[in-house]
Amino acid sequence: MTKVLVATEKPFAKVAVDGIRKEVEAAGFELALLEKYTDKKQLLDAVKDADAIIIRSDIVDAEVFDAAKNLKIVVRAGAGYDNIDLNAATAHKVCAMNTPGQNANAVAELALGLMVYAVRNFFNGTSGTELMGKKLGIHAYGNVGRNVARVAKGFGMDIYAFDAFCPKEVIEKDGVKAVASVEELYSTCDIVSLHIPATAETKNSINYALVNRMPKGGILVNTARKEVINEAELIKLMEERQDLKYIADIMPAANDEFAQKFAGRYFATPKKMGAQTAEANINAGIAAAKQIVGFIKDGNEKFRLNK
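Per my numbering, residue 465 is the first one in the sequence shown, and the count goes up by one each step.
It should be emphasised that the hints constitute simulated quantities derived from the structure, not laboratory data. Treat the hints loosely; a few may be bogus.
[To be verified] Result set (PhoX-like, lysine-lysine): computed pairs, CA atoms no more than 25 Å apart in a straight line: (1) Lys667 / Lys771; (2) Lys533 / Lys725; (3) Lys637 / Lys667; (4) Lys632 / Lys599; (5) Lys557 / Lys598; (6) Lys486 / Lys474; (7) Lys557 / Lys505; (8) Lys735 / Lys761; (9) Lys735 / Lys754; (10) Lys474 / Lys725; (11) Lys505 / Lys486; (12) Lys486 / Lys766; (13) Lys736 / Lys761; (14) Lys735 / Lys725.
Everything numeric in this text was worked out from a predicted model, so none of it was measured.
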């Protein structure tokens, strides 16, 4: 019998597990759970006879693939997938997938919440400003970026976007202004919301020169990945420009330095919170289960990440 392992150091909600079980068992597969594990050896033992794995932020590297002799597919329940070694997956003839779009609304709502928190001076009792009328720049117009635009319209924001891989027509049909370059986005917008993945091209790309283009009082909001920020250069810039704020859902490596130097202008969530809603948890888990069933039964590779 095909065995599907749900390996989650941070478990899904029970209702999500119930939904996953329903999809897996309806297909005639067996479901196994490894929740709240504390040691990698527990994961290596659990994957030995698994045909498929559903994970969240759990690391699936070459060692895991080596241990999982029967493995055919691993699905990350969520959009980001830098916790899967794609080269190792390919070498072991394993299909790797994510579940894009399932947590997009959750991340978008958090991004707007962080913006409100920033313009209201972290709710410290002083007079802040409003989002209405402010120019919002969306850096990458994928599933999350589009949801940010949708929610931001309700605040009455003036919305711009840049995405090197998304046609201008797609952006503008949503009532969003497409800009020609990333430099134009930062020069134009009061608030920039980051939604780029961490790739060789994007790591450390949010740097001194780019963020320094932002108008006075600029706010950078990061619900993407900490690796895209050049932390040393951003610290240098914020030391020079007392008007800038940095708000993150991914605690920087230099969190202590940011917090010490920029009190009142910096905030990071203690843990990544973007997808931490009951709805996103359920949606991503069930989507992962459906994708596994579709792949094993019908060869559906729609969300395949590796070659």
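Each hint tested on the structure:
This hinted pair checks out: Lys667 and Lys771 have alpha carbons roughly 22 Å apart, not beyond 25 Å. Of the pairs offered as hints, the one joining Lys533 and Lys725 is violated, with about 50 Å between alpha carbons and a cut-off of 25 Å exceeded. Taking the CA atoms of Lys637 and Lys667, the gap is about 30 Å. The hint is violated against a cut of 25 Å. Restraint check for Lys632 and Lys599: the C-alpha separation of about 18 Å stays at or below 25 Å, so the hint holds.
The suggested pairing of Lys557 with Lys598 is violated, with an alpha-carbon distance near 49 Å, which exceeds 25 Å. In summary, the hint linking Lys486 to Lys474 is supported, as the alpha carbons are separated by about 21 Å, within the 25 Å threshold. Of the supplied pair hints, the one linking Lys557 and Lys505 holds, its CA atoms being roughly 22 Å apart against a limit of 25 Å. Pair hint Lys735 plus Lys761 does not hold up; C-alpha atoms about 37 Å apart against a cutoff of 25 Å.
At roughly 28 Å between alpha-carbon atoms, Lys735 and Lys754 are farther apart than 25 Å, so this suggested pair is violated. Taking the CA atoms of Lys474 and Lys725, the gap is near 32 Å; set against the 25 Å cutoff, the hint is violated. Of the pairs offered as hints, the one joining Lys505 and Lys486 is violated, with about 28 Å between alpha carbons and a cut-off of 25 Å exceeded. A hinted pair counts as satisfied when its Cα atoms are at most 25 Å apart, and Lys486 with Lys766 qualifies at roughly 22 Å.
As the CA atoms of Lys736 and Lys761 are separated by approximately 34 Å, the hinted pair breaks the 25 Å bound. Annotation: proposed proximity of Lys735 to Lys725 holds, straight-line Cα distance about 21 Å (limit 25 Å).
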